[in-house]
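**Student:** In this note's numbering, the protein residues as written are 1 to 305.
Read the hints as simulated data drawn from the structure, not as lab findings.
Glycine included, C-beta positions come from ideal geometry on N, C-alpha and C.
Just so you know, not all the hints are guaranteed correct.
Distance condition first, Cα-Cα at most 30 Å in a straight line; then the derived DSSO-like pairs of lysine-lysine [to be verified]:
{"no.": "1", "residue 1": "LYS4", "residue 2": "LYS14"}
{"no.": "2", "residue 1": "LYS17", "residue 2": "LYS47"}
{"no.": "3", "residue 1": "LYS159", "residue 2": "LYS120"}
{"no.": "4", "residue 1": "LYS60", "residue 2": "LYS17"}
{"no.": "5", "residue 1": "LYS99", "residue 2": "LYS69"}
{"no.": "6", "residue 1": "LYS209", "residue 2": "LYS226"}
{"no.": "7", "residue 1": "LYS176", "residue 2": "LYS119"}
{"no.": "8", "residue 1": "LYS286", "residue 2": "LYS209"}
{"no.": "9", "residue 1": "LYS179", "residue 2": "LYS114"}
{"no.": "10", "residue 1": "LYS176", "residue 2": "LYS160"}
{"no.": "11", "residue 1": "LYS176", "residue 2": "LYS226"}
{"no.": "12", "residue 1": "LYS47", "residue 2": "LYS33"}
{"no.": "13", "residue 1": "LYS119", "residue 2": "LYS47"}
{"no.": "14", "residue 1": "LYS140", "residue 2": "LYS47"}
{"no.": "15", "residue 1": "LYS119", "residue 2": "LYS152"}
{"no.": "16", "residue 1": "LYS113", "residue 2": "LYS123"}
Restraint-style ranges between C-beta atoms, simulated for each label pair [said to hold, decoys possible]:
{"no.": "17", "residue 1": "PHE116", "residue 2": "LYS152", "range": "27 to 37 Å"}
{"no.": "18", "residue 1": "SER22", "residue 2": "LYS163", "range": "15 to 25 Å"}
{"no.": "19", "residue 1": "ILE175", "residue 2": "PHE303", "range": "15 to 25 Å"}
{"no.": "20", "residue 1": "SER92", "residue 2": "SER25", "range": "21 to 31 Å"}
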Amino acid sequence: MNKKIIQDFKKILKIPKKFDFSIRSRCQLCNYKSFKNFTNTSLLNHKNLFIHFPFDQCLKCGLIQQRIKFSREFHNYFYGNLYSKLLNRTNSKKVGLFKNSYVRGNFLYSKFKKFFKGKKNLKFLDVGCGAGGKLIAFQKHGWDVYGVDPDKILINFIKKKYKFKNIFSNSFEDIKFKKNYFDLIVVSGSLEHVHDLGKVMQKINLYAKESCLLFLDSKGYPYDIKERFFNINHHRLLGPTTIQLLANKFGFKKILCNYDFMKISKIISKEKIKPKTNLYYLGIKKKSSKKRFKKETFYNNIFKN
Numbered sequence: 001m002n003k004k005i006i007q008d009f010k011k012i013l014k015i016p017k018k019f020d021f022s023i024r025s026r027c028q029l030c031n032y033k034s035f036k037n038f039t040n041t042s043l044l045n046h047k048n049l050f051i052h053f054p055f056d057q058c059l060k061c062g063l064i065q066q067r068i069k070f071s072r073e074f075h076n077y078f079y080g081n082l083y084s085k086l087l088n089r090t091n092s093k094k095v096g097l098f099k100n101s102y103v104r105g106n107f108l109y110s111k112f113k114k115f116f117k118g119k120k121n122l123k124f125l126d127v128g129c130g131a132g133g134k135l136i137a138f139q140k141h142g143w144d145v146y147g148v149d150p151d152k153i154l155i156n157f158i159k160k161k162y163k164f165k166n167i168f169s170n171s172f173e174d175i176k177f178k179k180n181y182f183d184l185i186v187v188s189g190s191l192e193h194v195h196d197l198g199k200v201m202q203k204i205n206l207y208a209k210e211s212c213l214l215f216l217d218s219k220g221y222p223y224d225i226k227e228r229f230f231n232i233n234h235h236r237l238l239g240p241t242t243i244q245l246l247a248n249k250f251g252f253k254k255i256l257c258n259y260d261f262m263k264i265s266k267i268i269s270k271e272k273i274k275p276k277t278n279l280y281y282l283g284i285k286k287k288s289s290k291k292r293f294k295k296e297t298f299y300n301n302i303f304k305n
């Protein structure tokens with residue numbers, strides 16, 4: 001069954017034979033070996049094409065993750081060559097992404113500036129910087145900004161258009177920065193995409209100064225059916241419990257964790273709903289004893305069927 005899933009996936013995306021895939025045997029967060037199936041259907045692209053591509057849930061911590069594991073080589077190929085095409089990112093859409101990112105960057109600056117009063121030579125790292133708007137928002141206030149994103153097509157576009165310097169079209173796992181270098185690290189909509197979750201968080205801790213702020217922005221509040229909520233671009237699904245467990249495991253203490261930090265009203269089926277968007281976490285780098293968390297059940301309660 002799993003072999004057929006891989007074969008069908010490679011056929012649909014016309015993936016070269018040289019790339020390998022495997023079946024996940026351990027949880028990416030807690031290393032546990034036992035899972036239960038959560039959904040078998042994933043969204044493939046902007047045309048609302050669905051394919052058989054299962055997600056399983058760890059029976060210990062509750063993290064939901066893809067059963068099929070991308071190899072490191074295919075992961076880089078996917079985000080460097082296929083990702084923008086699957087999302088149908090035209091140049092006008094890329095400019096739109098920049099504007100949206102810039103608005104979000106201004107919002108984050110207004111919320112975080114109180115933590116950095118009186119400090120100089122501040123350094124900001126955006127992991128999964130996308131269109132780079134958050135970088136501009138902080139740069140205009142005198143911050144030294146750095147961005148990393150594996151989407152080469154998007155990075156090359158904004159490099160030319162916005163003349164960025166310290167922005168890199170690589171996987172974060174492949175980038176090296178100075179130890180204890182950054183005052184603020186933002187990972188916005190990227191934890192679902194990275195190849196090695198543990199390695200990414202280890203490097204974030206390594207590059208973060210003592211008392212560095214870490215802002216994590218993860219998959220949005222589920223307003224839609226289960227099948228539309230999961231897609232092949234997202235290798236895992238963090239919830240309010242697992243995102244705190246992840247941050248705490250790698251040396252960060254929670255300041256806030258909720259779906260309300262950025263309130264944006266949405267219209268679903270012509271009815272205005274409560275303004276909840278992504279899952280937001282803010283923490284500070286701090287040596288603290290490990291905390292015990294309950295198993296993640298948030299998405300089990302949302303998708304009861």
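**Student:** Is it true that the CA of LYS99 sits at most 30 Å from the CA of LYS69?
**Tutor:** Roughly 33 Å between the alpha carbons, so the hint for LYS99 and LYS69 is violated.
**Student:** Going straight from one Cα to the other, do LYS4 and LYS14 come out at no more than 30 Å?
**Tutor:** holds, 15 Å
**Student:** Does LYS47 sit within 30 Å of LYS17, going by the straight-line distance between their CA atoms?
**Tutor:** holds, 25 Å
**Student:** Taking 21 to 31 Å as the hint, is the beta-carbon distance of SER92 and SER25 inside that range?
**Tutor:** Violated, since SER92 and SER25 (Cβ atoms, about 43 Å apart) do not stay within the stated range.
**Student:** Next pair to validate is LYS119 with LYS47; report whether the Cα-Cα distance is within 30 Å.
**Tutor:** violated, 47 Å
**Student:** Regarding the pair LYS209 and LYS226, is the alpha-carbon distance no greater than 30 Å?
**Tutor:** It is violated: about 39 Å lies between the C-alpha atoms, which goes past 30 Å.
**Student:** Starting from LYS60, check that the Cα of LYS17 is at most 30 Å away, please.
**Tutor:** It is violated: about 35 Å lies between the C-alpha atoms, which goes past 30 Å.
**Student:** Would you mind confirming whether the straight-line C-alpha gap from LYS113 to LYS123 stays at or under 30 Å?
**Tutor:** holds, 13 Å
**Student:** Check the following: the C-beta atoms of SER22 and LYS163 are separated by a distance inside 15 to 25 Å.
**Tutor:** The hinted range 15 to 25 Å is violated for SER22 and LYS163, with Cβ atoms some 41 Å apart.
**Student:** Starting from LYS176, check that the Cα of LYS226 is at most 30 Å away, please.
**Tutor:** Roughly 37 Å between the alpha carbons, so the hint for LYS176 and LYS226 is violated.
**Student:** With a cut-off of 30 Å on the C-alpha distance, tell me whether LYS140 and LYS47 pass.
**Tutor:** Outside the cut-off at roughly 38 Å; violated.
**Student:** Holds or violated: LYS176 and LYS160, Cα atoms, limit 30 Å.
**Tutor:** With a Cα-Cα distance of about 23 Å, the restraint between LYS176 and LYS160 holds, given a limit of 30 Å.
Comparing the model with each earlier hint shows violations of hints 4, 5, 6, 11, 12, 13, 14, 15, 18, 19, 20; every other hint is respected.
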